[in-house]
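Asks: Can you join these two chains into the complex? Each is in its own frame, and there are hints to help.
Protein chains in written order, with this note's numbering: chain A, 1 to 464; chain B, 1001 to 1514.
Everything labelled a hint here was simulated from the structure, so no lab data went into it.
Don't be surprised by glycine CBs; every beta carbon is placed ideally from N, CA and C.
Please note: incorrect hints may appear among the correct ones.
Pairs of lysine to aspartate or glutamate, EDC-like flavour, derived with a Cα cap of 20 Å [unchecked claim]:
id : chain 1 : residue 1 : chain 2 : residue 2
1  : A       : K71       : B       : E1323
2  : B       : K1511     : B       : E1059
3  : A       : K363      : A       : D334
4  : A       : K416      : B       : E1121
5  : A       : K44       : B       : E1139
6  : B       : K1132     : A       : E461
7  : B       : K1466     : B       : E1499
8  : B       : K1385     : B       : D1411
9  : A       : K331      : B       : E1252
10 : A       : K180      : B       : D1333
11 : A       : K180      : B       : E1175
12 : A       : K408      : A       : E461
Facing chain B, from chain A, some residues (calculated, C-beta under 7 Å) [what the hints assert, rightly or not]:
id : residue
13 : P13
14 : L35
15 : E103
16 : Q126
17 : S177
18 : W344
19 : E367
20 : K408
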Amino acid sequence: MADKKCFVHPYIPNSAPAVEQAMLEELGETAAENLYRVIPDNLKLHRKLDLPEPLVSEYELKRHVEKILAKNQTCDEYISFLGSGYWHHYVPAVCSEIANRAEFLTAYWGDTYSDFGKWQAMFEYQSLMGELLNMEVVSSPTYDWSSAASSAIMMAVRITGRSDVLVPSNISKGRLSQMKNFIHGRANLKTVEYTANGTLSLEDLHKKISADTAAVYFENPTFFGCFETQGKEIADLAHKAGALVVVGVDPSSLGIVNPPADYGADIVCGDAQPLGNAMNYGGGACGFIATQDDERLVAEYPTLLVSIAKGENEDLWAFGECTHERTSYVKRGDSPDFIGTSQWLNAITSGVYLSLMGPAGMKELGEGILRRTAYTIKQLSSLEGVRTPVFNGPHFKEFIVNFDATGKTVAEINKKLLSYGIFGGKDLSRDYPEFGQSAQYCVTEVHSLDDINRLVSALKEVLA
Amino acid sequence: MRKNIDYHAARWDEPLIMQLGTPGERGVLLPACEKQILEETDDPANILPAHLLRQTPPELPEVSQPRVVRHFMRLSQMTMGFDVTPDISQGTCTMKYSPKINEVFCQSPKLRQLHPYQDEETVQGILEIIYKLKLFLCEISGMDDFTFQPGGGSQAIYTNACIIRAYHEANGEGEKRNEIISTAFSHPVDSAAAHTAGFKVITLMPESNGYPSVEALKAAISPRTAGLMITNPEDTGIFNPHIHEFVDLVHEAGGLCSYDQANANGIFGIARAREAGFDMCHFNLHKTFSSPHGCIGPGCGAVGVSDKLVRFLPVPRVSFDGEKYHIEFDHPDSIGQVRNYNGNIPAVLRSYAWIMSLGAEGLKRVAEIAVLNNNYLTKKISQIKGVTIAYPEGGQRLEQTRFSWETLTKDTGVTTEDVRRRIVDYGIQSYHTSHHPIIVPEPFTLEPSESFSKEDLDLYVEIFSKVAEEAYENTEVVLTAPHRSTTYQVDRSGCNDPEQWAMTWKAYRRKHLK
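For reference, chain B alone in the conformation it holds in the complex (with noise of 0.2 Å):
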């Protein structure tokens, strides 16, 4: 089997765009104002008042157009995007295929060139597609009602934890209830998004089968419980069995529970949110419904609610009258608007034809074959000598499995961060090690989606095998990588430095180029 020995990315060497260019070059022109505009109007230095006059252009670079397409060209090809690895390696995020065809769709006029203002007649068919893929997203999960106003999984779960703070506080009971519990191993922003809403976090750490018990939850709930928010399967692979005691739990107590549900790819058609008791979830389109990463977004975070909280749902919504689709902002209880405008329709659409391409079969096959993926890689990778399984009595994974280097750091002096670098080397993506707290020791975390063949996955084991024996036999070629990367190992500590961190080339010259 090839090992992608010979690989190297490629090395361009390439300036930033700030060092390219001429003076008086020029990447694009746009059109002059007309003789009669020119004639009828003041001179801008005329129009706006002095003070307003911006007295030094900004230090933009001058560059002719080859030469900008050229430069940008190279920094693409110095990027490992899903289409030109199999990226099995970023676990917690579903890498998986995006369809070609769904590009065509977001590049017509008809979705580029709609503006979020438009009358509604002039906008019925991507109206329609919201409307639909609601419907769709209310089947699979089992909710009532969706909107995709949140531009990612972030903005979701903050959505969700608005919507239970109105809940309370339309009951009167806002200032009381002001606790969220969470799980070690449900996403930081699960906890993060709830305090940002106003929360203080009870987290619930995991027992040694890696999810919390019972017992843990019983003793967190109080009178002062707003919610549970909680991912399941967690961030380990594992399905907290118990989910639906928990949620029982809470709803006694009187709080509502929030599914975070971007894990779940591998339980399309097998499990809902609906089953398990939660009143309500979301779902990140560019994550499991295939829409495009994009270099961490645009995405999307549809949050889906249960009937008995739909009037909190972010305005405006998509309504259908059985003839026409309408666009409505008068909810009165509604919290209101978490981000501009529909969301980021062009993960929506990709994610309605995605859905169309697939059905209900297709979609309980994406999630078997993840599954099947996963248990498939989990044991080759589990059978590579320095790694181990995190919970091993968590018993079997689904969609993905957080594993740990924690024996090959204690043989070799090796860590999961050396792993992460030297595997760049063979042409793979460098892999999500943990969400913090870290508490898997040396961890990572894969996820091989129904987006991989056996051979993708065979070739990965080949080259963490190959790794791993070279952490035991050549362990400076692991320290001191990467070799064969666009770039060679840097020290970044200074990233961390005020007096050396630089966001822009305009601090950088300050700092360094004196």
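So here's chain A without its partners, still in its complex pose (with noise of 0.2 Å):
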């Protein structure tokens, strides 16, 4: 190991001394460090980095790395019910094994000459989002929802060319501060306030909304958990003022809930991960931004394209990129967003979700969360000293609990939940103060009923 010569690692082929040899000799030289002779020498670092001893073998680099994942427990040891945005679903087997194909895996950039099939592929999501969504264009992904969601209200800032972007306050701290430091100096941000039913303010809306007003943002579900229920009178009180509708929308609720797209979004934005993508502790994302077919908006989109090519006859296609020169790629400098590498994989395999669950599939997905979430709080409601949900209403998957009458906090009440094999629901109290004690819980339809009857029975001890 200590003489470099002998180095000869797997994954680098002409480490092998005597390829590297033939190499140098073919250019002339004797070492490769001498290939380095155009950086000057004091930007050099003149010493080998400070980097641990290497596990060359790959049996000790399985032990090593295993062992420090071993220290993690999974929503699989225990019964998880964080969700707050992004979501414990599951993954059918058919997801994971498209999504390890080495083809799709290892791919990049490849043309629709090389690498047809990731092409068709990407188009088959774009598509199937669309019959989701009711929308006929569909961007390739995002990084993620709030990147969607930020992209979308600068598309509808470029389209109006006005200044203000109305936003509830019923969306997550965390969108919110990714959507202020993006929109940062080019628009004006203001936030329009919630109702006692966790939805917008009519009244604050019309307070607020101008001639101004490029675009109204709401999420249905809300960040809380409950329906939008007035989607339509939103959307209309927009589109008087001259404003675009932009939506964000759980795409695992739109097998029974009406899209966005039917009650008068113009843009629509979302995240896949809870179409079959793993959590990976954050890395499932999947943005997307969806719209009608119409000129003036797929101009504005910041994402690549993908567009079906009509062959000479129906039977042969390929496929391209619609108006690449939009891209930042191409305007550079005056571009007003930006797109790169993003979550494709992700969004091939929400592909292969939503052709494995069909509209059956997406239909009972939403009914089953939309029944145990309603089990769920009617269980949890019964507890002394319990409040849910906070918002009256029907919920989606998500649902806030409020604690204050134990006299309990959720720092501790989760903490003991711990024992009882459970994570508990997102504590809320940082973000959230004025809901004081309060967790946000999350049923899918990974939850049985007995996984909702332990979470009670677990509550009813901790509590007592």
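Replies: Right, dumping it as structure tokens:
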């Protein structure tokens, strides 16, 4: 190991001494390090990097990494009620199988003539999402929901030539932070209050909407888990003022819930993570933007857009990028947005998921979540000192549980729940002090009756 | 030597998924609600207000599981991933081998089944990986702290632009310092992300040696200068030897210097951001650190900063108190969030494992062999009739080289796009030409990372020689390529025509199947 010439590594074919020697001879060089003569000496690091001794054998590496990973406790080992915009759903084995296909896993920017299958898979993802969203244009992925929402809002600013964007304060604080960062100095982000039902306040919207309003953004379901029931009223108000309506949506709800396009959304965004992507500690995100097929809207998409290209007959086609000159790759320093490596493999996986689920699967998914949510709320609300839901009306997946009357903090409760093998809901007391000691709980199709009942009996003991 | 002349891509004539299946088929079933849940809750049609209830089901296909599997297996077979071909073609992308053992780690439920809001006690393992990779990258770059929140290189550059903005705002110079300087051969997003963050961008053009002059930089610098955002070596593979002077001049003018290290594969253990004086940098974990490219992501843009900028890094951050790892939000000067949670963590895990497998010597060998491979390939490719090296005065190249088919085009009419289609017939990936602006005529850019053998390089050269020969002697076969690919040449101009383009099957049905 000390002698560099002997450092032959399986990942580096030409580290084999004889090959390296032959190649150096071809170049008339004596050592590879001589190839760095273009780098001035004062820029060079004249010492060895201080890194741990390598575990060159695969077996040792495996033991080392798995030992560290073993310190994690997972949502398989615990019953998790965590959500808050990022969800534990079942990932069908077929999704994992396709996402792990080496051809997809290791491909990158190849064109339709070399990576035809990748382009078809992306076109299919866009198409399946288009059916779910009832929209004719769907973007290739953005980084996540928040980046999709931020880009969508700025699309509206450019299209309308106006300066204000109205965002209700019933979205997550993280999303709001990301939007503000993105919009910074280029538009005015104004927040609209929410009502006692958790929905956007039409009264406050009336006050704040004006001829300067470029976009009104809202989410359905809201971050609080209750539905935004006034979608059409909001859209009508916004349209009357000449603004565009941007709606963020959880696509796993759309088997039973009307897509935002049907109540007036001009731009829809969200995250395809719940559609077949494992949580991966935050790595499963897959933002999308969708609109109708309007040239004016298409011109403002920041992402790549995959279009089918018709060949000489119906059976011959190829895929290409729609208007590549729109993107930051061409616009460079004049570009109002940017794109690059994003989340394509996750999008392909979501395409697989929707292919498996079909309309019946998506309907059953939505119905199952709606009923489990209603059941869990009902059971928890019967516990002494527990108030849930904090907002009225039907909830999907998520709901807020308030513990003020128990005299215990969410942090205490969640610590205790760990010993019952349960991850309690996300503590909202830092981001939403107005809710007091509240947690956001989440149930999906992965939660059985037994899981929910275990939560209820554990909480009963913890709160006693 | 074999020249892959008998190669033919898979051509399954596979329909679109929307054309498959029959009504009533099912691909996967979900757990039904138990009796008690059904009894104690109302029918969904009663739970939801009528106006929210979906009336028309989405027109998704109804396909059985074996057919879905076969469909996507076929699509994968019609995709030329790194694992099936020596992908030297995608210059600037650092295509390299993604070790299989790292995929084993990523398939572990100990990663897949972690929710980002879990109690930090329950995620000590993954926090340890994140924290230790930060330390490794600090050593590799000389920076003082890192974040892995950005989901790709572009978002990392954007993050750096936001940090530059926050730094000047904190100094009360936010209004005044509104210009970023970049170069024509830095990645386009160095300009685009800076502009998105609100800056005006000044682009320095290359001299005859391939990089901009110190004089051009001096002319661009002013009291409005917020910073320099630059790649080095640039996308041409040329290392700007005056980089330290560039950095010094921008610093003297009060600006910050951000190093786009997407092209770092040839300088591991050789040269670092710190020695060149940079304040911040980013690495692409999906390029340089072996995480697979996944058909354009998920990737990870790891952003590193020097001490004076640490307070501006995005939240949450991962820290270590000597015993336990923690997730921190309380950093009031932070630019906030650029992406949800801690980033694309599988890329972080793979990078950690990759560095642990190589160590300091291994990383240096990666760089040296990548540069050796490129110099070997560059010599051989440049001997092919019709090829020239862009900016021959620029001296020796590092990990990649930009070439030109200008001579070939003048001689034969065959363009770089034609060659790009033809090489696919020999089982190699279509190459990267150049980012915009196209300064080098008929460009192509090759990057033979450390993952390729001499045999791979020799085969690659043979194929290029063969295609050049065809261009001179059998021009038509190149112009009409591909011939042995998944599909034939299709006129794709419709993708830019609003009447014809179709981003979904829904739009295609309306426009083309009336």
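Asks: Any hints from earlier that this structure breaks? Give me their numbers in increasing order, please.
Replies: 3, 6, 7, 9, 20
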